[in-house]
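**Student:** Sequence:
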Amino acid sequence: MAVLVLLVILLMQGEISYSTTFGGLNQFATDIRSGLASGWIAFRIVLILFIGILWILNRKKALFKTVIFVNSVLTAGLFLNMTALADVLIGLNIKTARVLLVEVLFISITNILIFSIWYWIIDPPGVEEEQKMDRPWDFLFAERSESLPFYESWLPRYTDYLFLAFTTSYAFSPTDVLPLSRRAKLLMLMQSVVSIITLTVIAGSAINILAGSG
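Take our numbering: the final residue in the sequence shown is number 271, and no numbers are missing along the way.
Heads up, some of the hints might be wrong.
List of simulated lysine to aspartate or glutamate pairs, DMTMM-like, C-alpha gap at most 25 Å [what the hints assert, rightly or not]: (1) Lys122 x Asp195; (2) Lys242 x Glu203; (3) Lys117 x Glu200; (4) Lys242 x Asp191; (5) Lys117 x Asp144; (6) Lys118 x Asp191; (7) Lys117 x Asp217.
Quick list of the computed label-pair ranges, beta carbon to beta carbon [unchecked claim]: (8) Leu64 x Leu235: 43 to 49 Å; (9) Phe229 x Phe126: 27 to 33 Å; (10) Thr257 x Pro206: 40 to 46 Å.
Think of the hints as simulated: they come from the structure by calculation, not from any bench.
Cβ atoms here follow ideal geometry from the backbone N, Cα and C, with glycine treated the same way.
Start from the sequences and build out the full structure, keeping to the hints where you can.
**Tutor:** Spelled out as structure tokens, the structure:
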């Protein structure tokens, strides 16, 4: 599941932000760093091939380390995408506003997927098949905090972290799952910052331009 999600993110990030890829804003940009864009695309292709090879060869330990590395790269790309989209706000017009809203949608989805992987990695039992139950929790799920009937042996899975990432992205804060560790709080803080900037600042500005033109 982690590999499939990473592949989806790699493909989706290829459609975001003219400064790191050849996205939809390419035609409106005045300063296109094509060398950086080409490098990012080539690097993504290499990562996809490498992950696929490890997956086929069933090299689980190497694959787990690669998942962490790739998600770190994608996180850096996420902040580059956000910076590039914010840069487009200078001189924003109707045409760029329409394309910008589409790219905000892409960056919102990748933001959720990237941090859902991070939450899954850090919180035991984690992504690996070997369950590390001797480690303290990073998140307090309701199923863990109380003796609920039929939930005595409950363990979080990817869908639980996907829901956590979704609610963090749109509520800008914890909802029904509380962060316990400092790294969990820091990751949720980073995700909320991306969401606030992309949804309230970037998307809000684009919507105001379109509303004013109507």
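**Student:** All hints are to be evaluated individually against the structure, with a verdict given for each.
**Tutor:** Hints, one by one, checked against the model:
no.	hint	in the structure
1	Lys122 x Asp195	holds, 20 Å
2	Lys242 x Glu203	holds, 22 Å
3	Lys117 x Glu200	violated, 29 Å
4	Lys242 x Asp191	holds, 21 Å
5	Lys117 x Asp144	violated, 40 Å
6	Lys118 x Asp191	holds, 19 Å
7	Lys117 x Asp217	holds, 22 Å
8	Leu64 x Leu235: 43 to 49 Å	violated, 31 Å
9	Phe229 x Phe126: 27 to 33 Å	holds, 28 Å
10	Thr257 x Pro206: 40 to 46 Å	holds, 41 Å
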